[in-house]
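Peer 1: Listed here are the chains, written in short residue letters.
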Amino acid sequence: MNKSELLYHYFSNSLTKDQELLFDKLLKEDEEFKKQFEFESNLKRVVKEKRHKELKSKLNQFETKAKIEKTDKKPSFSYLKIAASIIILITAGWFGYQNFFSINYENLYSENYNSYPNTVYSITRSDSTNSPEREAFVAYEAANYQLAIEKFDKAKSKDYFNFYKAQSYLNIKQYEKAKHLLETVIKTDEEFVAESHWYIALIYIKEENKTKAIEYLNQLVEKYKYKTEEAKLLIKALD
Amino acid sequence: MHKEDYITLKDLKKGSDDILRLVYEDNRPKFLNFAKRYNLPEEDLVDIYQEAYIAFYDNVMNGRIKEFTSTISTYITSIGKYMIFDKLKYNKRIVHPDFDISVLNNKDDLIDTLDIDNENLTTEQQLLYKHFSTLGKKCKELLDLFYYRGFTIKDILMHTEYNSENVIKSTKSRCMKILKERILNTN
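Going line by line, the protein sequences match chains A and B. Using this note's numbering, the first residue of the first sequence is number 1, and each one after it goes up by one. Using this note's numbering, the first residue of the second sequence is number 1001, and each one after it goes up by one.
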C-alpha cells in the first residue's frame, strides 16, 4: 500500500490495525509523509469551517426571521378573554385575602427552594481515573444524595465540598446538618458564601424561625449580589 | 407527537433548509428554557445554542451519529451543556439554582461518542481557508464529501455523477495540487 492510500484510509476512518501501526511509524520517521498528513488535517479543519460559516449564516437568518415574526404578531383581545381575566383576578384576590394574615412557611420554602446545580466539576468527558470526587458529583447529578455525601467524605477535601454536601443534606431533608455545613462555608469564607446565606434563610423559613430567616436575607441583600430580588420579596412576605 | 419525532437521520443529512429550520425552531425554546438557569446573557445562550446545533449537525453529517439513541433535543442540550460548562469555567459566573437533572441523564456516554472540539483556525489554516474558497465548485464539493462527510471513494461513486473510482482519485489529487500551488504562490 502506498503512502497516499494510507492517508486516504486514515481520513475515511478505514485503517486496519496493521495499517495503523505503519501509519504511526511513518508519521514519526518520514518527514514528507508527516507534512502531507498535516496538510490534509488542516484541509479537513478548513472544510469543516466552511460548512460552519454557511450553517451559522443560515441559523442567523432563522433567528432574525423569528424575531420579526414575533414583533409582527399583534396582541388580540376578545371579550371572552377579558371576562376570564376578571374572574381570575377576583378569585386570586379572594384567596390572597384568606392568606393575608398568616405566613405559610411551607409554601414559601417550597416556592423558593431549588437544589443548586453542579457548576464546579465537569463530568462531560470520560476521565481515565474514577476519583471519589468524580463519583460524588456523578451521584449528585443523578440525585443519589446519600451516596454523594459518602463519596464527598472519602474524597480529598476541596473548598466547595461543604457547600455541595450541604446541598445533598438539604435534598434528603436533613436540615440541621445542612445548616451546620452552610454556616461553616460562611465562617471560613469559602466559595458560595452568598448562596449559603440564601439556603440558611430557607432552612429557617422551613423551621418557621422568622427572625433568623430575615436576618440572613438582610445580610444577603446588603452584602452580595445573589438572589437580591428574591430575597427582598421573601423579606416582605415574612414581615 | 412532536414535530422532531418524525425527522429521521436521512432527512437531516439531506440538509434542506426547511428541515434545518424546523429542527432549529423546535429546539430553540427548549434549550433556552433549560439554559437560563446558568445566568448567562440571552445573546450568549443563543450563540451557544447555535454552536451546539452546528456541532450536532457535524456529527450527523460525519457519521458519528449512526442512529438516534436519544431525541434530537437531548443531543443538542448535552452538547450545549458541555459548552456552557466551558464558558462558566472561563467566567466563573453565579448560577441560578433550579437545575433539572433529569434532562441530562446519560449525557456522559452521549458526549463521549461525539466530536465537538472546535479550536479556532491557526494562521496556516486561515491561509488555506482563503485559497480553498477560490477553488471551483467541483473541487469544493469533492473535498467536502471526503473530509467533512468522511466518505470513502466508493461512497462518493454511489452518491455523485462520477463514473469511476479512478476519476474521483485523480480529481481529488488535482484539487489538492491546485490548492498547494496557490498557497506557494502567495508566499
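These aren't lab readings, by the way, just hints derived from the structure by calculation. Where hints are given, some of them may not hold.
To be verified - Straight line, CA to CA, 25 Å or less: simulated DSS-like cross-link-like pairs of lysine-lysine:
#1 A:Lys56 x B:Lys1177
#2 A:Lys187 x A:Lys210
#3 B:Lys1130 x A:Lys34
#4 B:Lys1177 x A:Lys58
#5 B:Lys1140 x A:Lys34
#6 B:Lys1138 x B:Lys1010
Stated by the list, open to error - Just some of the chain B residues that point at chain A, by a computed CB distance under 7 Å:
#7 Thr1008
#8 Tyr1024
#9 Tyr1148
#10 Thr1152
Here a beta-carbon is modelled for each residue, glycine too, at the ideal position from N, C-alpha and C.
Peer 1: Out of the numbered hints, which ones does the structure contradict?
Peer 2: Of the numbered hints, 1, 4, 7 do not hold.
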